[in-house]
Amino acid sequence: MSAERAGGSVLSLADVTVRIAGSHILHGIDLDVAEGGVTALLGRNGVGKSTTLKAILGIVASAGRIEFDGRDIAGQPTHRIVRAGIGYVPEDRDVFAGLTVAQNLELAEQPGVEPDYDTVHELFPELLERRKQRAGTLSGGQQQMVALARVMLNPARLLLVDEPTKGLAPKLVEQVGDALARIAERTTVLLVEQNLPLVRRIARDAVVLDTGRVVHRSPAAELMADETLLDSLLGVSAAVPEAGKAVRE
Amino acid sequence: MSTLILILVTGVGLGALYFLVASGLSLIYGLMHVLNFAHGAFLTAGAYAAWVAMGYLSGLGGWAFPLAIVIGMVVGAIIGAAVEFCLIRPLYQRHIEQVLVTVGLGLMAVALFTGIWGADPQPFPRPEWTRQTTDIGGAAIPNDRFLLILAAGLLLAGLIALLKYTRIGLVIRAGVENRTMVQALGIDVRRTFTLVFALGGAAAALGGVLGSVYLGSVSPGQGTALLIFAFIVVVIGGFGSIGGTAIAALLVGLVQQMANYYVGSGIGDVSVVLLLAAVLLVRPAGLTGRTA
Numbered sequence: 012m013s014a015e016r017a018g019g020s021v022l023s024l025a026d027v028t029v030r031i032a033g034s035h036i037l038h039g040i041d042l043d044v045a046e047g048g049v050t051a052l053l054g055r056n057g058v059g060k061s062t063t064l065k066a067i068l069g070i071v072a073s074a075g076r077i078e079f080d081g082r083d084i085a086g087q088p089t090h091r092i093v094r095a096g097i098g099y100v101p102e103d104r105d106v107f108a109g110l111t112v113a114q115n116l117e118l119a120e121q122p123g124v125e126p127d128y129d130t131v132h133e134l135f136p137e138l139l140e141r142r143k144q145r146a147g148t149l150s151g152g153q154q155q156m157v158a159l160a161r162v163m164l165n166p167a168r169l170l171l172v173d174e175p176t177k178g179l180a181p182k183l184v185e186q187v188g189d190a191l192a193r194i195a196e197r198t199t200v201l202l203v204e205q206n207l208p209l210v211r212r213i214a215r216d217a218v219v220l221d222t223g224r225v226v227h228r229s230p231a232a233e234l235m236a237d238e239t240l241l242d243s244l245l246g247v248s249a250a251v252p253e254a255g256k257a258v259r260e
Numbered sequence: 080m081s082t083l084i085l086i087l088v089t090g091v092g093l094g095a096l097y098f099l100v101a102s103g104l105s106l107i108y109g110l111m112h113v114l115n116f117a118h119g120a121f122l123t124a125g126a127y128a129a130w131v132a133m134g135y136l137s138g139l140g141g142w143a144f145p146l147a148i149v150i151g152m153v154v155g156a157i158i159g160a161a162v163e164f165c166l167i168r169p170l171y172q173r174h175i176e177q178v179l180v181t182v183g184l185g186l187m188a189v190a191l192f193t194g195i196w197g198a199d200p201q202p203f204p205r206p207e208w209t210r211q212t213t214d215i216g217g218a219a220i221p222n223d224r225f226l227l228i229l230a231a232g233l234l235l236a237g238l239i240a241l242l243k244y245t246r247i248g249l250v251i252r253a254g255v256e257n258r259t260m261v262q263a264l265g266i267d268v269r270r271t272f273t274l275v276f277a278l279g280g281a282a283a284a285l286g287g288v289l290g291s292v293y294l295g296s297v298s299p300g301q302g303t304a305l306l307i308f309a310f311i312v313v314v315i316g317g318f319g320s321i322g323g324t325a326i327a328a329l330l331v332g333l334v335q336q337m338a339n340y341y342v343g344s345g346i347g348d349v350s351v352v353l354l355l356a357a358v359l360l361v362r363p364a365g366l367t368g369r370t371a
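As they're listed, the protein sequences go chains R and U. Residues in the first sequence are numbered from 12 upward in steps of one, following our numbering. Residues in the second sequence are numbered from 80 upward in steps of one, following our numbering.
None of these hints come from the bench; they were simulated from the model. Heads up, some of the hints might be wrong.
Claimed, not checked - Derived lysine to any residue pairs resembling SDA-like cross-links, with alpha carbons at most 25 Å apart: (1) R:Lys177 <-> U:Tyr244; (2) R:Lys182 <-> R:Arg168; (3) U:Lys243 <-> R:Gly109; (4) R:Lys143 <-> U:Tyr244; (5) R:Lys143 <-> U:Thr367; (6) R:Lys143 <-> R:Gln153; (7) U:Lys243 <-> R:Val124; (8) U:Lys243 <-> U:Ala364; (9) R:Lys143 <-> R:Glu125.
What the hints assert, rightly or not - So the derived list for chain U, only partly shown, Cβ under 8 Å to chain R, looks like this: (10) Leu235; (11) Ala253; (12) Met260; (13) Thr271.
For every residue, glycine included, the Cβ atom is placed at its ideal position computed from N, Cα and C.
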């Protein structure tokens with residue numbers, strides 16, 4: 012089964028391997044992210060999902076071929092990869108705690124690009140009210156809004172989003188899901204997520220990693236509908252839990 | 080009373096000198112996690128550059144000294160930027176090698192200066208007004224103390240303005256917190272690294288020139304001697320914090336002077352180490368809470 016679309020891939024990974032401190036984390040990942048919509052990157056803890064995103068961005072050194080928009084970006088410095096049109100929302104938000112909300116956003120503005128504050132304020136009006144507040148004093152959900160807002164300011168072709176709902180209250184999970192769905196209307200999103208109801212709601216394609224390898228790819232709805240497959244690949248049930256409650260291993 | 084005033088002003092002046100050297104060291108470690116043991120070389124190079132310049136500029140009268148300071152700072156900045164670009168940049172993420180390279184560079188610089196100008200201290204042609212004194216509360220305070228305090232005050236204000244009101248300052252502050260995330264926002268943090276090294280080099284060179292005025296001479300080892308106290312100041316203040324560095328420099332300068340006068344000559348250095356131990360026991364991450 013393939014998640015590729017006729018429209019072509021915005022991102023292609025071929026035989027990408029990563030070693031960190033002597034440990035083999037990725038064992039030759041082959042992955043295509045089709046243009047538009049959300050591709051969910053799933054898998055148990057520690058299988059290399061976050062490392063895959065970091066390898067794409069050049070945050071960790073990798074071997075193999077990584078093509079973005081048809082150009083090989085492997086080995087390029089992170090800032091150049093980001094300038095080429097890839098936005099990144101890290102797992103732990105990584106907002107700059109000592110800077111204000113406004114300064115966090117200002118830092119994300121790229122030269123020569125008109126920042127899209129209208130969409131940011133429309134989706135996260137709270138950030139406008141809290142623009143002078145230090146990001147370190149925000150709640151986890153508010154920090155996630157800052158992290159998402161930072162990448163929304165620039166017209167990225169691809170967003171790499173790492174577990175955006177981790178540790179968030181159900182109401183905030185919903186809000187983040189809405190924001191991601193809205194972002195996916197105009198940008199391709201590669202989403203690492205363990206919250207299967209969210210994946211079911213917004214993802215078009217699904218790719219599953221296990222021990223540093225791609226072990227499954229299919230339309231997300233197909234995977235979510237197959238309880239046996241889900242159980243064998245992720246060790247979870249896709250049954251819809253109580254409202255907003257994440258299904259985890 | 081006049082003695083106390085003299086000791087206090089001298090202590091503040093010494094603290095100002097430490098701040099000039101330590102501010103760049105603190106920013107460099109805070110942003111790049113580089114323990115720059117070659118920082119003393121920037122200081123000494125700036126001091127010698129100003130000393131040589133003073134020889135050529137003596138015909139300019141009162142302009143010679145400020146021009147020599149500028150030349151010293153430019154030399155310090157150029158050396159700082161060159162060291163970052165040529166030696167440190169290829170070694171980011173390789174901390175042991177960085178330490179070895181900067182230690183080696185520091186030792187090599189001392190040998191180089193000794194080879195060119197000899198091991199003996201060379202008298203620094205101080206402007207006459209820096210030798211004179213100003214009376215405060217009955218204490219005759221040498222004017223070079225005020226020069227140090229003024230320079231450190233201007234540097235502190237300049238650095239705060241840079242960090243608070245400019246984009247490059249924003250990048251530095253963010254980079255001190257999380258360098259990887261700054262890059263992940265599309266910012267070429269390496270340019271900032273070079274700039275911070277250049278700034279640190281210029282500040283250290285300023286410290287070198289004014290330290291030569293304070294000591295009355297320039298010598299190959301003066302950078303190394305001041306570097307030890309600068310590291311103590313940075314550790315006490317908290318890595319990467321300019322405010323913390325300023326407070327720590329003031330504390331170290333005052334404690335050193337007071338101990339030297341009231342306890343015994345030479346006790347000042349010991350008391351500074353004891354102060355370091357005491358601060359680290361109470362606040363292991365330094366006064367501003369940033370760990371090494």
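| said: Are any of the numbered hints broken by this structure? If so, which, sorted upward? | reply: 1, 2, 10, 13
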